[in-house]
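Chains A and B, in that order, give the protein sequences.
One point on numbering: in our numbering, the residue at position 5 of the first sequence is 5, and numbering is uninterrupted.
One point on numbering: in our numbering, the residue at position 196 of the second sequence is 196, and numbering is uninterrupted.
Careful, some of the hints might be misleading.
Stated by the list, open to error - Sample of chain A residues facing chain B (criterion: CB under 7 Å; computed from the structure):
1) 121
2) 141
3) 149
As the list claims (entries may be wrong) - Which chain B residues stay away from chain A? Per the calculated CB distances, all over 10 Å, these:
4) 87
5) 91
6) 101
7) 134
8) 138
9) 156
10) 166
11) 169
12) 173
13) 271
Source of the hints: derived by calculation from the structure; they are not laboratory data.
Even for Gly, the Cβ is constructed at its ideal location relative to N, Cα and C.
There are 2 protein chains.
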Amino acid sequence: MPMDHSARTKEMIGNVDRALAGYLERGGHEKLIRAMRHYPEAGGKRMRPTMAILVAEAVGGRGKEALPFGCALELIHNFTLVHDDVIDKDPVRRGRPAVHIAFDEPTAIIAGDALFAIAFDVLATVEVDGERLRRLLRSVSNTVFLVAEGQQMDVDNEDRPTVAREEYLDMVEKKTAVLFACAAEGGAIIGGGTEEQVRAMREYARLLGIGFQIWDDVLGLKGDAKRVGKPVGSDIRNGKRTLIVVDALERLEGDGRRHILTDALGNADATDEQVRAAVRLLEDIGSIERARQFALDYARRAKELLSCLRPSEEREMLREMVDYAVGREL
Amino acid sequence: MPMDHSARTKEMIGNVDRALAGYLERGGHEKLIRAMRHYPEAGGKRMRPTMAILVAEAVGGRGKEALPFGCALELIHNFTLVHDDVIDKDPVRRGRPAVHIAFDEPTAIIAGDALFAIAFDVLATVEVDGERLRRLLRSVSNTVFLVAEGQQMDVDNEDRPTVAREEYLDMVEKKTAVLFACAAEGGAIIGGGTEEQVRAMREYARLLGIGFQIWDDVLGLKGDAKRVGKPVGSDIRNGKRTLIVVDALERLEGDGRRHILTDALGNADATDEQVRAAVRLLEDIGSIERARQFALDYARRAKELLSCLRPSEEREMLREMVDYAVGREL
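Turn these sequences into a full structure, and let the hints guide you.
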């Protein structure tokens with residue numbers, strides 16, 4: 001009978017929340033601090049810090065030592081969300097007004113920069129020797145550079161009629177998966193894992209991250225109203241080149257129904273009926289199901305990599321994290 | 001007879017330019033890389049890296065070892081310029097279109113973030129022991145947080161009718177002086193200076209930085225057409241609360257001539273004649289001269305702090321750097 005880890009998960013999230021609040025409770029410009037705290041204090045699943053902590057323990061280290069590192073990545077995650085929302089002009093995040101709406105665009109740009117700065121200040125407090133600190137610093141800074149590349153690819157893709165499958169996967173890897181990979185890699189380094197474990201944990205999280213994003217695309221079309229703040233089908237109206245859309249555009253080449261998708265895709269004025277028709281078409285031709293299977297395949301491969309760890313409660317929780325990332329409710 | 005250090009300065013700037021080009025010559029998203037290189041490759045005086053290198057040598061270390069650190073700060077300086085120009089909607093920088101004009105706003109926001117990320121990657125290559133690396137990391141990340149605060153104060157000040165003298169100086173310290181202070185402090189740490197030297201060099205650069213900015217405000221009103229890209233008096237039209245304006249608004253309280261300043265201040269449609277009249281008034285009541293003297297006083301105090309260094313060519317060059325920062329041509 002599988003153990004119930006929900007109490008443990010809740011405790012870990014509570015620790016992360018408290019640590020984050022502490023890092024963001026600093027003196028200084030009051031409005032800027034409020035803008036910085038706007039997303040982090042709105043909650044979130046804290047997947048990146050939790051992953052770092054669990055991996056550190058799973059390789060035989062102390063999870064507590066990975067907490068500041070995990071928090072640094074959570075701050076970076078939030079910094080990218082603040083800037084993403086400015087760039088995409090998204091007015092809502094986690095059911096609250098986006099930072100650039102609750103404050104203004106200049107403040108949102110500056111608050112993102114300030115979160116980024118504090119992340120490195122937190123990183124400097126990780127209690128490891130100099131060489132491991134240097135390694136973590138390089139890993140995190142390179143990761144943020146890749147995230148920036150992914151965000152740029154995402155911006156550029158919006159203006160392109162077609163996007164190849166490989167380009168989509170490259171974008172998702174950079175925009176989403178590398179930060180997970182950095183979390184697991186860093187957790188393994190801090191926990192004193194072997195080089196093989198460091199590599200395997202990085203790959204585990206990379207696969208999980210790609211699956212997570214594709215699953216998110218599926219939820220964007222099939223999820224229910226519980227997913228507050230993002231109406232079903234908004235990706236269609238926004239013209240997002242998700243894997244589902246990329247797949248459908250390929251398959252509908254020369255198909256008389258193609259216009260049902262293209263009428264709604266990237267059309268901010270598309271009616272609800274047009275969007276529903278487009279989603280039905282994506283379903284009928286199997287694009288949604290293929291994306292689901294694709295994500296599940298990534299999840300399966302991620303779990304296989306956990307075999308480099310000794311059996312433990314933490315390993316079990318890392319397995320459950322995959323099931324959450326790829327498989328959470330439709 | 002004072003030695004001519006121009007050849008040495010030129011060589012140092014050349015080394016910095018080459019190192020920066022190397023750091024920015026990386027594979028990746030071609031357009032993003034071009035946007036990142038837009039400001040750094042447009043040149044600049046490289047004051048922050050030069051200062052770090054000179055201080056490292058002046059305390060008895062090797063300047064070469066401070067080069068990556070100085071370049072990291074130069075990348076950070078350029079990242080803040082990219083975001084500042086987006087925020088202030090400034091279309092021109094160093095005589096070229098700003099990044100958000102040459103590309104677009106989303107690309108400018110992302111390119112700034114990417115420059116910031118690479119700065120920390122470069123910082124990770126500084127060849128010092130773990131504890132000094134940690135100290136540099138904390139200094140740089142805290143500095144960027146303060147720069148963000150200064151930028152936020154600058155943004156907020158635009159909407160306020162009056163700004164106190166202390167608030168202006170606090171803003172200038174954060175927006176401009178702390179990055180210089182970080183450069184000199186880091187150079188002293190890398191060069192193996194004593195704790196007294198580290199503190200004195202930090203204070204030297206802080207004073208220089210404040211003087212530099214006030215001198216810049218003076219040049220903005222009294223400089224000639226050589227200062228490409230920023231027409232004389234644009235600070236008046238933009239409503240900038242410089243020390244000169246803060247001083248004048250205080251002194252003109254109840255003075256019948258006050259409207260000559262307020263008619264032009266923050267009035268984008270002010271005629272050239274209105275702006276010239278405002279500048280003449282600032283001159284007549286002594287506000288410009290007082291700011292000049294104020295900056296020169298900071299310069300004097302900065303130079304005094306150099307007495308903690310043994311006499312050397314580098315100390316002489318640090319003295320000349322003050323004269324350049326506060327005293328460059330009107």
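Against the structure, the hints come out as follows:
1. 121: holds (4 Å)
2. 141: holds (4 Å)
3. 149: holds (5 Å)
4. 87: violated (4 Å)
5. 91: Correct as stated: the minimum Cβ-Cβ distance to chain A is 16 Å, above 10 Å.
6. 101: The claim holds: residue 101/B sits with its nearest Cβ about 16 Å from chain A, beyond 10 Å.
7. 134: Check fails; 5 Å does not lie beyond 10 Å.
8. 138: About 5 Å separates residue 138/B from the closest Cβ of chain A, which leaves it inside 10 Å; violated.
9. 156: violated (7 Å)
10. 166: At about 15 Å from chain A, residue 166/B clears the 10 Å cut-off, so the statement holds.
11. 169: holds (15 Å)
12. 173: holds (13 Å)
13. 271: holds (28 Å)
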